[in-house]
Amino acid sequence: MKLECKHVWEYISEYIDGRVDPQVKEDIERHLEHCEICSATLDSTRNILILTADDRTFELPMGYSERLHERLKKEIESAEPDLKKK
Amino acid sequence: MEESSQGKGRKEEDLTRRAQRHRGEGAEKKTVAGRLICARKSVARQGELAQTTMQAAPTKETDLISRIVAGERELFHDLIRPYEKMVYLTVLSIVKNQADAEDGAQEAVINAYRHLNSFRAEAKFSTWLTMIAINEGRRRLRKAKGAAEDSIEELEEEKEGDYTPAPLTDWREIPLETLERKELREALREAVEELPDIYRQVFTLRDLEELNIEETARALGVNPGIVKVRLHRARIMLQKKLVPFLKTVAPARKGFFRRAP
Numbered sequence: 004m005k006l007e008c009k010h011v012w013e014y015i016s017e018y019i020d021g022r023v024d025p026q027v028k029e030d031i032e033r034h035l036e037h038c039e040i041c042s043a044t045l046d047s048t049r050n051i052l053i054l055t056a057d058d059r060t061f062e063l064p065m066g067y068s069e070r071l072h073e074r075l076k077k078e079i080e081s082a083e084p085d086l087k088k089k
Numbered sequence: 003m004e005e006s007s008q009g010k011g012r013k014e015e016d017l018t019r020r021a022q023r024h025r026g027e028g029a030e031k032k033t034v035a036g037r038l039i040c041a042r043k044s045v046a047r048q049g050e051l052a053q054t055t056m057q058a059a060p061t062k063e064t065d066l067i068s069r070i071v072a073g074e075r076e077l078f079h080d081l082i083r084p085y086e087k088m089v090y091l092t093v094l095s096i097v098k099n100q101a102d103a104e105d106g107a108q109e110a111v112i113n114a115y116r117h118l119n120s121f122r123a124e125a126k127f128s129t130w131l132t133m134i135a136i137n138e139g140r141r142r143l144r145k146a147k148g149a150a151e152d153s154i155e156e157l158e159e160e161k162e163g164d165y166t167p168a169p170l171t172d173w174r175e176i177p178l179e180t181l182e183r184k185e186l187r188e189a190l191r192e193a194v195e196e197l198p199d200i201y202r203q204v205f206t207l208r209d210l211e212e213l214n215i216e217e218t219a220r221a222l223g224v225n226p227g228i229v230k231v232r233l234h235r236a237r238i239m240l241q242k243k244l245v246p247f248l249k250t251v252a253p254a255r256k257g258f259f260r261r262a263p
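If you read the sequences in order, they're chains A and B. First residue of the first sequence: 4, per my numbering; consecutive thereafter. First residue of the second sequence: 3, per my numbering; consecutive thereafter.
To be clear, the hints were calculated from the coordinates, so they are not data collected in a lab. Treat the hints with care, as some may be off.
[What the hints assert, rightly or not] Straight-line distance between alpha carbons at most 27 Å, and here's what the computed BS3-like set of lysine-lysine pairs gives: (1) A:K77 x B:K145; (2) B:K126 x B:K62; (3) B:K87 x B:K98; (4) B:K147 x A:K77.
These numbers were taken from a predicted model, which means no experiment stands behind them.
Bound conformation, chain A alone (with noise of 0.2 Å):
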C-alpha cells in the first residue's frame, strides 16, 4: 500500500517502538526512502527521546541522594533495632 505522509504520522510513536505490523513497516520504510520531510520529522521526534533520555536532560536538584539515605537511615535504624546484625 502506498502511505501518505500523513498516514505515517500516525504511526510514527510505534514505528519508534518498533510495534507496528511487518507490513505497515514495510510500507512505512519505503516511504521513508524517497520522502525527507518524513524522514526528517520521524528523526526530530526520536532525537528528542534520545536527549530525554540523556542524564543531564532530567537531573535530580543538589543533594537529594544526601537527604533521601539521611532519612532512610533514619528510618531504618528507628524502626527494626532488634532486626540489626552486629
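Using the hints, position chain B against chain A.
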C-alpha cells in the same frame, strides 16, 4: 550561565569539549551526540529505542530483597540507589513542584521500605516502586487540589486536538553541536513540564524511565491502548514544540559553536 554539572562528579567533559570532539568526526557511541540519528541512517535504527533498558541484574536485586526482608535492613540503601532518580521524576511528573516532589519521593521510598515484605517476587521491583511513587504523588495532589482530580482527567482525555507533527525539511542541516546545547535540554524540560498531566505522566514513565507499555499501563492503572495513544500525542506535542526552537538556534555557519554567555 554555566552548566550545573560541576561538583557532581558525573560529567567529565564540558559542553565545549564534547562539541569539539564531535566536530568533523564520526559518531561517538558513548555520548548523546553519537546516538543522535541522521536522516539517512534512520531506517536501520528502527526499534533501537525500544530495546533500551535500565534494569539492574534481577538476580542480584531479588537476592538483596530477600536479605533485607530477612533482617539486613541497611541493604535497602543499596536496593534503592539505582531508582532514586526514577522515584523523584515519577512524583515530579504528578506534583510538578520540585520541593514537593522531593518530599514525596522520600515518602515513597520510606513506604517502599516499610512494605517491602508485601512485594511479590514475580512482579518487577521497578514497577512496584513506581506505583508507590505514583500513589504518593496523587495523594499529595489530592491534598493540594481537593478531590476533583479524576473528573479533570476524564475531560482532558476527550479533548480532541491536532496531533500531527511539525513537518521538518532541514533537520540534517542542524549541527550536532546544537543538539548538545544546554538550551535545548532546558527547552525540552519546559516542554515536558507544560504537557497536560495525563500526557506528561505517560511520557515520564515510558520515555524517561523506560518502562515498557504494559508496565506503564499497570503503573498508571489504565489499559495499554490508552498508554499508546497518550504516548503518541505526548511525543508529537514535544516534537512540535521543539522543532521551531531547533530552527531558530541552529548556528548559521558550519562548525561554529557558540557557547552560552
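Hint-by-hint comparison with the structure:
| no. | hint | verdict |
| --- | --- | --- |
| 1 | A:K77 x B:K145 | holds, 26 Å |
| 2 | B:K126 x B:K62 | holds, 13 Å |
| 3 | B:K87 x B:K98 | holds, 15 Å |
| 4 | B:K147 x A:K77 | violated, 31 Å |
Of the hints listed earlier, the one the structure fails to meet is number 4.
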